[in-house]
Amino acid sequence: MTPTPGVPPNPAFIVADTSALIQIIVSEEIAPLRVLKQDFGIQVVIHEAVEAELNWRIQKKFPEKRPILKKAFTSKTIEVLSRAILDGSGYKSGNALIDQIEILGQRFSARVDRGEAYTHAAGNVLSVPALSQDIAAIWNLINEGIDIHRPILRAFDVLVFGVQTGAIDWEACARARKHLIKAKETLLPSFQNCSVEDGMPQFYLRLCSSNSPVIGAQTPVEKLDERIYIRKTTL
Amino acid sequence: MILKNILESTKLDANFCADLLGVATDQFHEWLIGTRPVPRFLLPELSSILGVSEKILLSFSPGSGKSAAFASATLAPAIWYKLRDAKLVSADRELVALIRKLGFFMDQLAIIRGEKLRRFEPIFRGIHDKVHRALPPVVQGREAASEFRSMTDLDHGQSGIGEWIRPTLRKLGVLVVESPIKSDVEGCAFSVGSDCSATPCVYANSYKSTWFRRNGVILHEIGHAIFDLESDQVSIDYKEETSDELKELRAQTFAQECLVPKAVLVQISNRFGIKWDNLTSMSIAQLMAYSHAEQRLVLKAAHDAELIDTEQLQQYTNVDCSADVRQLTTHALNTREYLRSQAFEMPKWIAENRNTELGRRSLRLPSLYVGQVLDAWTNQQISEGKAAEMLMVDRDTFRSRFNSLSKGTEKAA
Chain W
1 MTPTPGVPPN
11 PAFIVADTSA
21 LIQIIVSEEI
31 APLRVLKQDF
41 GIQVVIHEAV
51 EAELNWRIQK
61 KFPEKRPILK
71 KAFTSKTIEV
81 LSRAILDGSG
91 YKSGNALIDQ
101 IEILGQRFSA
111 RVDRGEAYTH
121 AAGNVLSVPA
131 LSQDIAAIWN
141 LINEGIDIHR
151 PILRAFDVLV
161 FGVQTGAIDW
171 EACARARKHL
181 IKAKETLLPS
191 FQNCSVEDGM
201 PQFYLRLCSS
211 NSPVIGAQTP
221 VEKLDERIYI
231 RKTTL
Chain F
1 MILKNILEST
11 KLDANFCADL
21 LGVATDQFHE
31 WLIGTRPVPR
41 FLLPELSSIL
51 GVSEKILLSF
61 SPGSGKSAAF
71 ASATLAPAIW
81 YKLRDAKLVS
91 ADRELVALIR
101 KLGFFMDQLA
111 IIRGEKLRRF
121 EPIFRGIHDK
131 VHRALPPVVQ
141 GREAASEFRS
151 MTDLDHGQSG
161 IGEWIRPTLR
171 KLGVLVVESP
181 IKSDVEGCAF
191 SVGSDCSATP
201 CVYANSYKST
211 WFRRNGVILH
221 EIGHAIFDLE
231 SDQVSIDYKE
241 ETSDELKELR
251 AQTFAQECLV
261 PKAVLVQISN
271 RFGIKWDNLT
281 SMSIAQLMAY
291 SHAEQRLVLK
301 AAHDAELIDT
311 EQLQQYTNVD
321 CSADVRQLTT
331 HALNTREYLR
341 SQAFEMPKWI
351 AENRNTELGR
361 RSLRLPSLYV
371 GQVLDAWTNQ
381 QISEGKAAEM
391 LMVDRDTFRS
401 RFNSLSKGTE
411 KAA
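As given, the protein sequences belong to chains W and F, one line each in that order.
By the numbering used here, the letter at position 155 of the first sequence is numbered 155, and the numbering carries on one by one without gaps.
By the numbering used here, the letter at position 274 of the second sequence is numbered 274, and the numbering carries on one by one without gaps.
Simulated from the structure, these hints should not be mistaken for laboratory data.
Remember, predicted model here, so these are calculated numbers, not experimental data.
Ideal Cβ positions, reconstructed from N, Cα and C, are used throughout, including at glycine.
Misleading hints may appear alongside valid ones.
What the hints assert, rightly or not - Derived DEER-like restraints, expressed as beta-carbon distance ranges: (1) G126/F / R83/W: 47 to 53 Å; (2) Q192/W / H156/F: 53 to 59 Å; (3) K208/F / S82/W: 48 to 54 Å; (4) N379/F / R83/W: 35 to 41 Å; (5) R175/W / K208/F: 51 to 57 Å; (6) S82/W / I111/F: 25 to 31 Å; (7) R113/F / S82/W: 34 to 40 Å.
Just chain W, same shape as in the assembly:
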């Protein structure tokens, strides 16, 4: 697709953290991630530290969800960040970028947990959005004067983005919410006491397709609410 003047191109990646990916895996709705890759050309990637943490937590806490995670990896819906992936997406000096991510990640990991540290390090170095559920960790880094690349997406940004693009429907979102409640996962305040559909007026969608009408709150609700518009690369 030819770039439109004045409209920023889609980011090549979304770097995901364990906390958010666990919610997506537990909710059993990975279709929106597939749509991101196939229709928008955005690959969801994770750092090796997140891969290790994600596998471990799913193994320990949600062993019944292992097939879903495995499928996400084998279908390359989620990929582990590597030099080859960077090269394939047009990044120059892949090795140098990986080195930078390692150094920055190690620095961040003194203050936030390993997965968060390397996710935000990759987001910063590659200038792409991060998918992370832990607002506390983000504030910790911001309070330390560390600039975090924004927007920072949450699991529900991906799920609702799925509804916006027609990848899933509201019923699937409701099922996802049920799965999360059953797994005792923390829900966003907007959806804690009501269905996803009913909570939409209080939810500011941070990941929007510019090919479909925006849904949810029209103005930011929370401090970190910033929006990114992405366009379909396939027609």
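Take the given structure of chain W and dock chain F to it, following the hints.
Using the frame of chain W, we list chain F on its own:
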């Protein structure tokens, strides 16, 4: 294959190590057999736990051209040599690994807090250099104890120092861990943390042990830390085992002279009018309660100070004074009884909130460390996830234990 070789040399179980590092077992096995290289993010932690430098771990990664056999022959970490002893069980080795991971987090916490306590260095070096190695071990231990008490101000008032041992050692920057483990190990000393900031750690097994006994064990291990860690990497002491080895005699005398030097015994006997030729169960209990040492050690110290003779030593050792000690001091109570005896609410990091579990193993973290992690979290120096990582518990456990301490600005979305 280097990781596999190192792990084999430590006799640590691979599944335990995967849990210790917080990674899935199948992924860990891929690193072990060399299908995938050990990721860089894991090297600092791995290096700190295993005692192999990051540089070495990197230099033997697949494709470096150095053979696994060479690595196995040359790189087995020194600290683990002794830990392969047949007398040790896997629980012992795994506990050491857990404590070494704690050392890794302590290094990180020190950087965040901007304070790295290394006051032990000049004190330990001073004692090490001052005591003449040609002297008999008992004299070495006695001289070292006198120096230690004087340098750390523990000799003020010539009273029992049991309550001050732990705070003093922590102020010096020594890691003190007391945790129960069903094993023959009574105590050990080894270093934790990275090569450049190695910190001595003394461990006392609290399984079926008393506070009085552990005071002696901790100081015994400090004796080893001062004199032996440089050459031995790790020193292990077993229950019910006595040794005439120079190192053991020196460490034992050091512990005895630190806890119950003659001056302390005399001060207590004067205070309570204790008659050495006619010790009752109450007077032995008083000696224990106020010298903070166990019965056997107090009486041995009295014997060495020529306050009682050998016959009296044997006679008094058989006196059961446990009921009297319980009347005199709360230190004779177990943790549950002690907590029940306290009218005020205990801080969150007391007792069970300090426990961490990893598979079959559990460790009671030092209260000072837990307090510091919680401080760093409530002051927003570290995230909730990091605090949970440092306390080696999952987030759900962390929240259930400490959520009430949160200032409200740090709720996960």
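(request) Mind listing which of the numbered hints don't hold for this structure, in increasing order? (result) none
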